[in-house]
Every structure is written in structure tokens, then in C-alpha cells.
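Taken in order, these protein sequences are the chains called A and B.
Per the numbering used here, the first sequence runs over residues 1 to 212.
Per the numbering used here, the second sequence runs over residues 213 to 274.
Possibly wrong hints are sitting among the right ones.
Unchecked claim - If you want a taste of the chain A side facing chain B, the calculated C-beta under 8 Å gives, among others: (1) Q54; (2) P57; (3) G76; (4) Q121; (5) Y179; (6) R187; (7) L188; (8) A191; (9) L195.
Bear in mind the hints are in silico, worked out from the structure with no lab data behind them.
Here a beta-carbon is modelled for each residue, glycine too, at the ideal position from N, C-alpha and C.
Here is how the chains run, residue by residue.
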Amino acid sequence: MVRLRKPGQEMEPLTETQKRTIREAIRGKYAQVAASGTGCCFQYQTGKAAMELQKYPPDLLQKIPADILNSFCGVGNPFSLGPVHPGDAVLDIGCGTGVDTLVAALLVGPAGRVVGVDLTQEMVATAEANLERLPLPQVSFQVAEAETLPFPDGDFDVVLSNGVFNLTLDKEKALREAYRVLKPGGRLLIADQVLIADLPQELAGKVESWFQ
Amino acid sequence: MLKAGCHRAALKSYTGFKSSPYTEGALFYGEKPEDERVREDIESQVEHLEAPKAVECAPGDT
Chain A
1 MVRLRKPGQE MEPLTETQKR TIREAIRGKY AQVAASGTGC CFQYQTGKAA
51 MELQKYPPDL LQKIPADILN SFCGVGNPFS LGPVHPGDAV LDIGCGTGVD
101 TLVAALLVGP AGRVVGVDLT QEMVATAEAN LERLPLPQVS FQVAEAETLP
151 FPDGDFDVVL SNGVFNLTLD KEKALREAYR VLKPGGRLLI ADQVLIADLP
201 QELAGKVESW FQ
Chain B
213 MLKAGCHRAA LKSYTGFKSS PYTEGALFYG EKPEDERVRE DIESQVEHLE
263 APKAVECAPG DT
């Protein structure tokens, strides 16, 4: 979880065992979400209704099949943060089933390039199956971790992510990677979750608290 | 984001998404400077936004 901190205030680092437990739990959870084909497994609003709530452009949503939109599990609309231009190269970190990746592809058009990466093989397989149904050759998906992006420096005009950095185990490293692959002048558009109050003790130590 | 090197880094707004009474969706923006020398004064580039108040409801409510 992303916690808003006062300057100089540091969180306790996770142990290697805790990291391994969380990473395995995340993979398991999102494999389950991918298999469901919908945003079945969260306590917040998901799917097309959530995208409408977050004011995704209706004209773009109309171009993506409803069942694909219904797999949307984001926590906000990163596209509301700034423009994505025709011809831009865009990286979607933690793309899930690829809904935001497809939205980005519609914005950059055929002259652009959009890559979606996800930690979970099952999510990438679902995203690729979704992509086969749309004429968007500028899109590709691959398995990759946010902390070790398989791209050269300065490769993208825009890096976006939606509800992912709160799940990364080394947030600073993941953000440094996002920054590294941006071109000079590139934009980082992030929708995510932050803690706005201290978790009760009974929730603070539970892996399940990482993804509700 | 500032430590990563971004400038004009900001928590721009809250999205209203709540997966628990303790969390809130938020939108963050940052840029990679054209010239990295512009990052001379990090604090002056930070926009401060007041966090929404935690709501009283049972875990699991949306």
C-alpha cells in the first residue's frame, strides 16, 4: 500500500520472507481475477461502470467490447492527468487484462506504440486474447515486473499505471524504473491507492490487506 | 516520485475509489525533465493536497 508520509518518515522494510509471501499471494490473486474474466474479486466498483464513474471518454469506451471493459479493475483514470498524443510510445505497467492499454492504443493511433506489462502470465494471456479481437497492431503485451522493466532508457513518451504501485514490493525501485524508461519530457500518469488512516493492528500484518 | 527524479511531481486529486475505510484512490503526475539540472529545488516543486477524511464504515463497505 502507498502510505502518505511526512518528509523524513520511513516505513519498516519488509523481510525477504514477507516479500516472498506477498509476491506469491499477489500472483495467486491476479491469476484468479484473470480466470474470472471480470473484476470479480475486489470490494470496490470494477468494470465498465467504474470506468464511466471515472470519466473515461465514452467515445473510446464504445470502441472496446463490453466484456473486455468489464474486466477493468483500476482505481482511477490515469488519462485524466494529461494528454496522450497520436504517435506517442506508451508503457502500461501492471496492465492486467489490458483495458487501459487498449484505451492508450486508441489515443496514440496506428503511428504510436503501446506495450502492456504484467507480473502475471495469466493476465498477459487474457490481454493477448482480448487484443486479438481488435485491429490494434500497435499494441503488444509481455510478462515483466515493475522493478525490472525490460526496456532501454528513454523508450516511452508516457508511462501509465492503474492500481499497481501499491502492490510493488520495492516502490522506489519501481518508480526509478518507470522514470528510466521515460524519454526526457515524458509523463508519468499514475492512478493508485493511498492510506489515508492508520490500519488497525489486526489488519496491518495481513497479506490480504494488500489487495481488497 | 521526486526521489526517482521526476519534476512537477504531484498528488493531483483523489478519485473516490475506496477499497477499505482506510484507503482512497489517488492520481499522481510527474515528468522527466528535458534537462535534469532543473531539479535544483525539489520542495518548491511539490504541490500539497489535503487528504480526504477517513470515513466510518465497516471493512468491506464501498
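Now the hints, each set against the structure:
1. The restraint placing Q54 (chain A) at the interface with chain B holds, with a minimum CB-CB distance near 6 Å, inside the 8 Å limit.
2. Against a cut-off of 8 Å between C-beta atoms, the interface hint on P57 (chain A) is violated, since the closest Cβ of chain B lies about 16 Å away.
3. A cut of 8 Å between beta carbons decides the hint on G76 (chain A): the least distance to chain B is about 4 Å, and the hint holds.
4. For Q121 (chain A), the interface hint is violated, since its Cβ never comes within 8 Å of a Cβ in chain B; the closest pair sits about 25 Å apart.
5. This hint holds: Y179 (chain A) has a C-beta 4 Å from the nearest C-beta of chain B, less than the 8 Å allowed.
6. Restraint check, R187 (chain A) versus chain B: the minimum CB separation of about 6 Å is within 8 Å; hint holds.
7. Restraint check, L188 (chain A) versus chain B: the minimum CB separation of about 4 Å is within 8 Å; hint holds.
8. Evaluation of the A191 (chain A) hint against chain B yields a held restraint, the C-beta minimum of about 5 Å falling below 8 Å.
9. With 8 Å as the threshold, the beta carbon of L195 (chain A) comes within range of chain B, its nearest partner Cβ sitting at about 6 Å, so the hint holds.
Hint check: violations occur at hints 2 and 4; the rest are consistent with the structure.
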